[in-house]
Each structure stands twice: as C-alpha cells, then as structure tokens.
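Chemist: Residues per chain are reported as follows:
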Amino acid sequence: MSAAEVTPDRLRHALEMLDRLEDGASAKVTANLDAMSDDFAEIVLGFAFTDVLARPAIDLRTREMLTVAALTAMGTAPGQLEFHIRAACNTGVTREEVVEIVLQMAVYAGVPACMNGVAAARRAFAALDATAEEGPSGTG
Amino acid sequence: MTDRHARGQEVRRQVLGDAHVDRADAARTPLDAPFQDLIAEAAWGTVWASDGISRRERSMLTLALLAACGNFDEIPMHIRATRQTGATPQDVAEAFQHVAIYAGVPRANRALALAKRTYAEMEAEDDG
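Sequence lines, in order, name chains A and B. All the letters of the first sequence, read from the start, carry residue numbers 1 to 140 under the working numbering. All the letters of the second sequence, read from the start, carry residue numbers 1 to 128 under the working numbering.
I should point out that these hints are in silico values taken from the structure, not numbers from a laboratory. A quick note: this is a predicted structure, and the numbers were derived from the prediction, not measured. The C-beta atom is built at its ideal place from N, Cα and C for all residues, glycine as well. One or more of the hints may lead you astray.
[Said to hold, decoys possible] Example chain A residues on the side facing chain B (calculated, C-beta under 8 Å, incomplete):
1) GLY110
2) VAL111
3) MET115
4) ALA119
5) PHE125
6) ALA127
[Claimed, not checked] Over the 10 Å line for every Cβ pair with chain A, so calculated as not near, a few chain B residues:
7) GLN14
8) SER50
9) ARG56
10) GLU74
11) ALA100
12) ILE101
13) VAL105
14) LYS116
15) GLU123
16) ASP127
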C-alpha cells in the first residue's frame, strides 16, 4: 500500500480526533501547519492522533490524563500543556483530577514544573469558562 | 599555553587530585585535545579558579546541577573531589535535598545512590 493511498484517511481521522479533544481545534492546527508545508499536517497529526491516540487499548480520557502528566513534567511545551488540559476537561477528566495530576508531578519532576503546571491549568480553566459563557465556537 | 590554561590545570589538580588528572591526561588524544583545553580554560581556569565563592560551595552547586540535569556519569568524580573541596557528606545530602524539590525525587534518589556507592569505595580504598 503506497503512502498516497492511505494519506487522506489518515489525516481525516487525525482531524476528527483533534475536534473531539476541542471543538474547532483541527482548523487552527492545520492552518498553522499548512502554512509551513503541505505534508506537515498529515505527517505530524497522522502520527500523533491517528497512529497513537486512536489506539483502542487505552481510552481517550486516560490518554489525556497521561498527556497532561507528561507535558507538565517536561515543562518544554506550555502551549501544548494548556491545550491538553482543556482537552482533558473536554474528554471527561475533572478539574480536581487535573490538579491532582499536576501536584503528583511535583514529586517526579520537581516543584517548579508543578508550579508552571498550576499556571497552565489556571489559564486553561479560564479559557474553558470563557468558552462556556460565549457558547460553543462556530455557532455564531 | 595561556595563563588561564596553566591556572586551570593547577586548580583542576587541587580539586580532582593528581591521580585523577594524571589518568585523564594520559587518556588525552588528538580527538579530545581541543575539548580538554576548553575545559581547562573555561571550567577550571575561569569558573573554579574564581575566589568569589568557596570550593566547598562550588562542590555543592556542581553536584546539585549534575543531578538536576541528569548528568549522573560525573557525580562519582565530584563526590571524590569533595575530599579536596571540603564539602562534607552532610553538605552533599543537603544539596540533593534541593534536587528532590526542584528537579524531582527520582534524580535525587539516583544521585544519592551514586554518592553512597562512591563514599563506600573511597572508604574501602582507605582501608586497603
């Protein structure tokens, strides 16, 4: 099977997954990646969201908890951390659970990583509250 | 050889000990010679040579940074260097407490295990 045959589905599945994580996310992310290269979205999003995240052995809610933990511990991707905290809340993780995850990272990655995680969670929760007040995006 | 290089070699011997430096110099090849000169001038001739803070404090900072960045390979060498710098096992333990808080418990745990093993080796060598 050639890459040309699988490409459209792989990208389409990835974009559907992104919109499950946050309504309207696929449009924002593809606009960013398409500005760089035609193949970028398919390669990057296809790998992350179709090849890995869509695998059935772990449910999406648990995967988002793991992603928040990993990004908090790494501390190198604040934008992605904020997005995945919102995505976690959108896939059934409670705010209380997000706070527990960030707290646990103080043990394994240090207090500064935890404090940056708290700041990211604060921004993510505020964005979720703002969206809730405005209504879902795309409904005008 | 620059003054800074010569001063660096002197400080390096004072901190790491003659035996270590003799071994390291014997292992020097054309491949790592420029790197060794860079380290001699920058790390030993500039940073460790400064008298702005004590050698004991430099030992503690260095061990904490090595552990926090996960550069565990050099921890045994710097534990051995505490004999020359005057940092006590208690100083080292306090430095690793900071690592646990700021860089995570697993890194402090690993650094402590390496320190413990190195202290044991040093004691065994003294007895032998």
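Chemist: Hint by hint, say whether it matches the structure.
Modeler: Hints and how they fare:
With a least beta-carbon distance of about 5 Å to chain B, the hint placing A/GLY110 at the interface is held under the 8 Å criterion. A distance limit of 8 Å between C-beta atoms decides the matter here; for A/VAL111 the minimum to chain B is near 5 Å, and the interface restraint holds. The beta carbon of A/MET115 comes no nearer than 10 Å to any beta carbon in chain B, farther than 8 Å, and the hint placing it at the interface is violated. The interface hint given for A/ALA119 is violated, since its Cβ lies 17 Å from the closest Cβ of chain B, which is over the 8 Å cut-off.
Among the interface hints, the one on A/PHE125 is violated; its C-beta lies about 25 Å from the nearest C-beta in chain B, farther than the 8 Å criterion. A distance limit of 8 Å between C-beta atoms decides the matter here; for A/ALA127 the minimum to chain B is near 28 Å, and the interface restraint is violated. The beta carbon of B/GLN14 is kept farther than 10 Å from every beta carbon of chain A, the shortest such distance being approximately 33 Å. Residue placement check: B/SER50 keeps its beta carbon more than 10 Å from all beta carbons of chain A (closest about 27 Å).
Look at B/ARG56: its CB is around 25 Å from the nearest CB on chain A, clear of 10 Å, so calling it non-interface holds up. With a closest Cβ-Cβ approach of about 20 Å to chain A, B/GLU74 is found to remain outside the 10 Å limit, as its non-interface label requires. With 10 Å as the threshold on Cβ separation, the claim that B/ALA100 sits away from chain A is violated: the shortest Cβ distance comes to roughly 8 Å. Chain A draws B/ILE101 into its interface by the beta-carbon criterion, the shortest separation being 5 Å against a cut-off of 10 Å.
Not every CB of chain A lies more than 10 Å from the CB of B/VAL105, the least distance being 5 Å, so the non-interface label is violated. No Cβ of chain A approaches the Cβ of B/LYS116 within 10 Å, the least distance being about 21 Å, so the stated non-interface status holds. Listed as outside the interface, B/GLU123 is consistent with that label: its C-beta sits roughly 31 Å from the nearest C-beta of chain A, beyond the 10 Å cut-off. With a cut of 10 Å on Cβ distances, B/ASP127 stays outside the contact zone with chain A, its closest approach being about 38 Å.
Hints 3, 4, 5, 6, 11, 12 and 13 from the list above are not met by this structure, while the remaining hints are.
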